[in-house]
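Chains as they are written, first to last, in this note's numbering: chain R, 491 to 879; chain H, 39 to 324; chain B, 257 to 609.
Keep in mind that the hints were calculated from the coordinates and are not lab data. There's no promise every hint is true.
[Unchecked claim] Calculated Cβ distances over 12 angstroms to all of chain H for the following chain R residues:
1) Glu-681
2) Pro-694
3) Val-811
[Claimed, not checked] Pair by pair, the computed Cβ-Cβ distance ranges are:
4) H:Asp-167 - R:Ala-832: 40 to 50 angstroms
5) R:Glu-875 - B:Ser-428: 35 to 45 angstroms
6) R:Gly-551 - H:Val-161: 53 to 63 angstroms
C-beta: ideal position from N, C-alpha, C; glycine also.
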Amino acid sequence: MKTFKKTSLAALMGTSALISASVMANDGPVKLGLMLPYSGTYTALGEAITNGLKLAIEQEGNQLGGREVEYVQLDSEADPSKAPQNMSRLVNGDQVDFVIGPVHSGVAMGMLRVAKQTGAITIIPNAGLGAATNELCMPNVFRTSFSMWQDSYPMGKVAYDQGHRKIVTITWDYAGGKEDLAGFEEAFTAEGGEIVQQILVPFPSTEFQSYLTQIASLKPDAVYTFFAGGGGVSFVRDYAAAGLKESMPLLGSGFLTEGNLAALGDAGEGVMTTLHYAETLENDANQSFVSAYENAYGEMPDTYAVQGYDTGMMLVQALNVLGGDTSDKERLINVLANVELASPRGPLSFSDSHHPIQNIYLREIRDGKHEVVSIASENLEVPDEACQM
Amino acid sequence: MDLAFFSVQLLNGLQYGLLLFLIASGLTLIFGIMGIINLAHGAMYMIGAYLVYDLTLRLGNFWLAIMVAIPIAIALGLVIERLFLDTLYKRDHLYQVLLTFGLILVLNEAQRIIWGGNVHRVVVPAPFDFSIQLTDNMQYSVYRLFVMGVCLALAGVIYWVIRHTRLGIIIRAGAVNRDMVEGLGINVRTLFTLIFSVGVALTAFAGMIAAPLTSIAPGMGDSILITCFVVVVIGGIGSIKGAFWGAIIIGMATTFGAVLIPSLASMVIYLIMAAVLLVKPRGLFA
Amino acid sequence: MLHRYPKRAAFIMLILTTLIAAFPLWGEVVFGSQANFILEKLTLMLILALFAMSLDLLVGVLGLVSLGHALFFGLGAYTLALASPDFSPASMWWMLPLVMGVSACVGLVIGVLVIRTKGIFFIMTTLAFGQMLYYFISTSQFAGGTDGVFIMFRPSLELGGSTLLDLDNPYSFFYFCLGMLLVGYLFLRWLTRSYFGQVLDGIHDNEHRMQALGYATSGYKLIAFVIAGVMAAVAGMLAAMQYGFANPAQLGWHTSGEVLMMLILGGMGTIFGPILGAFAYEILLYIYEHTTTHWPILMGVTIIVAVLILPRGIAGLIIAPPWHRKRQTSAEIVGKESKASVSAQPVTQSKED
């Protein structure tokens with residue numbers, strides 16, 4: 491693919507930019523540039539990430555390695571066409587020490603283009619495009635979230651083990667959705683299952699009746715799907731209203747239902763998804779996180795909040811190790827890469843490509859909560875063949 | 039494609055088309071009579087959905103919520119018409135496009151401030167909260183049938199008002215020759231205020247009645263707006279009859295396009311529009 | 257008659273151009289370490305100014321409101337992205353003609369279809385064609401889909417083996433964009449004052465009259481549509497060059513809406529107004545985004561206010577300043593007003609035809 495050829499070459503060229511990056515002052519506050527959506531469709535995600543991040547830093551007395559923290563919040567509008575100029579504003583205009591963002595994969599592409607040119611340290615707290623830590627491969631780019639592949643691949647084996655042999659997959663016709671299905675289909679067909687049909691819905695349409703009729707006539711053993719936000723809610727509710735849930739179980743990536751439990755209501759009961767987090771996880775870190783988050787913001791955290799929180803904890807740990815000294819960029823990157831967290835989501839560390847190594851949980855919605863059925867894949871590392879740093 | 043599959047898809051297309059008609063009718067009414075192009079149309083649809091969500095929570099009853107929300111939508115239309123549009127009738131369409139584009143920004147952001155960024159739902163209200171068996175493994179929500187009925191009934195009412203009432207005569211005359219109507223002693227200004235409010239209310243009502251069938255989320259109006267434009271352009275801008283058949287065509291094309299030509303599904307409505315304009319530059323029923 | 261402005265308009269534009277062109281001399285003194293960032297912003301504004309100016313030919317001069325002009329902007333960006341070799345820079349000597357050629361062809365095909373429509377139909381059909389290309393690119397694997405595509409090398413400008421202008425250098429690229437804007441401006445100025453421009457003016461005023469006089473108005477409109485598209489595509493190519501990134505969102509109707517905002521802020525039908533508008537819009541956006549994350553409200557209100565009380569934009573203020581107007585005799589005011597409303601009448605003619 492042409493895009494990937496171009497990007498792998500970019501990887502070779504990017505490293506030189508790092509060295510020339512300017513040395514920041516070390517005694518002033520640590521500047522965190524947040525490039526997240528605060529308007530439009532993805533507002534809720536941007537706010538949850540911001541809340542989680544700020545919670546983590548507040549717990550440290552609003553300091554990172556002994557230095558005060560200053561936030562620069564920029565609305566990314568989830569608009570990819572403005573991503574490079576917004577990123578450039580944070581890096582060159584506001585001269586932040588770290589850029590945290592984005593939510594949207596298209597925006598991530600635009601940001602990473604500038605991250606490559608400037609060597610700015612970028613932590614991705616959501617966007618799941620695989621290329622970010624694979625073909626685009628940059629030492630200055632970290633991710634505290636997931637890649638589409640990581641969350642969907644484990645479901646392939648789960649689906650097969652549950653006895654499903656013929657599955658219909660359905661998602662929006664956009665990059666993130668297709669990457670997600672690819673992960674699932676890879677694992678499911680490797681086990682010996684068959685993908686009866688892959689259905690792509692025009693993005694961002696939420697008019698699903700025609701597709702549900704198609705699924706009903708195909709009569710697969712189960713349906714695997716990736717939708718998110720309002721589309722996720724619409725799909726799950728329409729699927730239940732069409733009476734398909736009983737005859738063909740609905741499987742999905744965790745984003746299908748994440749943050750949407752209240753809006754799903756009864757329609758969500760019994761839906762099985764895989765994700766790197768569930769609010770009901772019974773480890774100490776999660777229990778104290780959930781109660782602290784509820785105290786601070788008056789609502790249950792979701793995986794987006796955890797991703798923000800872990801981004802904050804990653805910075806806390808790294809800057810404590812360095813005593814707040816961010817002047818030596820190479821050392822800073824090295825320390826960040828070696829961060830290990832007892833995260834609310836379980837143990838969290840980073841691979842050579844700066845991608846999280848984490849558990850993927852199989853979750854089922856019962857009584858309006860994501861209950862953990864099992865660990866679908868323990869300490870799963872994403873292969874990222876094109877990026878071995 | 040067997041017969042049962044085909045019939046169910048026909049039903050899906052019809053249902054989607056009828057809903058589209060309801061959403062687009064306000065747009066075409068406002069344009070046809072007032073010559074105003076309203077980009078904030080999608081935002082009105084969104085506001086209708088959010089209003090009914092909010093009021094259902096407060097009042098505990100969906101039908102009651104609709105009764106309260108409709109006057110609010112009419113009032114919103116009234117305020118916008120008097121405050122902003124009044125000065126624009128004699129000006130270029132460009133100014134209407136820009137002003138209503140500005141309104142989109144304001145209304146979308148107001149939605150975020152008032153209701154936040156989370157996704158919400160409205161529960162399917164009684165007595166329509168059950169399904170009927172359609173095929174061996176597929177059910178159909180009775181509420182969808184109800185919505186189809188409402189859309190059809192409203193289409194009938196609008197048609198009747200425009201064809202057979204005194205108001206309808208004035209409206210049709212006003213659309214053809216504004217000055218003449220004014221010369222006959224009819225207050226066109228009041229007429230315009232009325233039409234705009236009704237148009238906004240129709241759109242918001244579409245959002246309300248569709249709310250239990252969809253998810254209520256930020257930006258939900260933006261995606262419906264362009265589809266409405268296509269409907270209106272195909273049918274012929276300003277024609278209620280055109281909007282009706284345009285909506286049915288688009289409903290069917292979306293439904294069958296998704297199954298028959300999936301690779302072109304996202305473009306099919308635009309292709310149809312281009313084809314129609316090639317043959318009839320002013321739409322099918324203009 | 258549309259194109260005779262008071263001397264002060266030229267004077268102000270000349271001063272502003274000189275100021276901007278001399279930015280490398282004073283930028284560092286004023287902005288310190290942020291000078292490079294400001295240079296980058298200025299470059300972007302120059303590119304957007306070219307984009308807005310191209311739309312003015314359609315909207316301001318000809319009276320055809322397009323809500324799909326971003327189609328050409330994105331087309332320029334994607335032509336560059338897809339035609340660039342993977343491992344070496346393309347040559348500007350063939351890239352620029354290629355972008356212009358591709359956009360001219362697309363403009364011709366779309367133009368033939370949309371020129372048949374008028375007023376509100378023109379708005380909607382251009383919108384629909386813009387969305388069509390948007391979905392086409394969004395779902396195309398070869399174009400990188402919704403994620404967009406990187407352009408690893410800026411095209412190079414060489415002559416006989418030696419580099420004429422190193423476009424990778426931010427200062428050279430800045431001057432290159434400034435040069436393109438000036439060329440575009442001078443071209444449009446010449447065009448609108450030429451015989452061709454007079455005919456466009458006539459069409460704007462009253463198309464039926466022009467037809468009655470024997471002009472094939474569709475042909476003139478088509479040519480203007482293609483020219484506007486080609487210029488927008490060049491702007492799109494420059495925008496994609498600046499950050500090395502093309503994305504379908506550049507084609508979306510929101511981009512078309514934004515460029516219309518620049519037009520109204522600057523003042524349409526004046527050619528130089530949209531340049532001011534692009535700068536004003538970007539500066540406002542920068543300030544608003546710094547002020548609050550609820551910035552869309554501020555931007556929305558600004559647009560509404562501009563439409564209601566400043567319909568002729570900044571250029572209108574320069575051509576006829578409010579304090580200047582008071583000193584004129586009432587006869588002159590009537591003259592000015594009727595001139596001002598020229599651009600505000602013709603499109604609403606749609607009813608009778």
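Each hint, compared with the structure:
no.	hint	result
1	Glu-681	25 angstroms, holds
2	Pro-694	6 angstroms, violated
3	Val-811	35 angstroms, holds
4	H:Asp-167 - R:Ala-832: 40 to 50 angstroms	46 angstroms, holds
5	R:Glu-875 - B:Ser-428: 35 to 45 angstroms	38 angstroms, holds
6	R:Gly-551 - H:Val-161: 53 to 63 angstroms	45 angstroms, violated
Hint compliance for this structure: hints 2, 6 are broken, all remaining hints hold.
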